[in-house]
Amino acid sequence: MTSIRKVDKVASFRERIRESLAAAIVSGELAPGAMVTVPAMAAEFEVSATPVREAMLDLEQRGFVKSVANKGFRVTEVSRQDLQEIIEIRTLLEAPIMASLAT
1 MTSIRKVDKV ASFRERIRES LAAAIVSGEL APGAMVTVPA MAAEFEVSAT PVREAMLDLE
61 QRGFVKSVAN KGFRVTEVSR QDLQEIIEIR TLLEAPIMAS LAT
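Position 91, counted from 1, in the sequence shown is what this note's numbering calls 91; the numbers after and before it change by one each time, with no gaps.
The reader is advised that the hints may include incorrect statements.
Unchecked claim - With a cut-off of at most 20 Å between alpha-carbon atoms, the simulated SDA-like pairs for lysine to any residue come out as follows:
#, residue 1, residue 2
1, Lys71, Pro96
2, Lys66, Ala34
3, Lys66, Ala95
What the hints assert, rightly or not - So the derived label-pair ranges between C-beta atoms look like this:
#, residue 1, residue 2, range
4, Ala99, Ser67, 36 to 44 Å
5, Thr37, Thr103, 46 to 54 Å
6, Leu101, Glu44, 23 to 31 Å
Hint data in this document are derived by calculation from the structure and do not stem from the laboratory. On a predicted model such as this, the values are computed, not experimentally measured, just so you know. Virtual Cβ for every residue (Gly too), placed ideally from N, Cα, C.
Use the sequences and the hints to build the structure in full.
Structure representation (structure tokens):
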């Protein structure tokens with residue numbers, strides 16, 4: 001009987017790129033309104049275009065970027081009202097969770 005070795009779950013290129021780009025957007029390193037191209041990011045991450053494109057499409061679904069035909073992706077601009085709503089929602093969700101974890 002053949003024994004199949006289990007492999008460690010390692011994040012895919014797509015996941016690592018998505019998380020790295022999301023962090024850059026949240027930190028402001030990629031400013032609101034900035035254009036991000038797949039070829040430039042592929043060169044930056046030293047990977048092919050496919051995982052970058054997939055990561056960007058994931059970020060688009062999450063509202064971090066918007067696709068611009070034949071140009072790339074534009075980092076979404078967030079208004080003060082949007083930020084206030086996010087803070088309010090997080091406060092409503094996080095406070096009870098933290099309280100339940102503390103008990």
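Structure versus earlier hints, numbers of those that do not hold, lowest first: As far as the earlier hints go, 1, 3 and 6 are violated by this structure, in ascending order.
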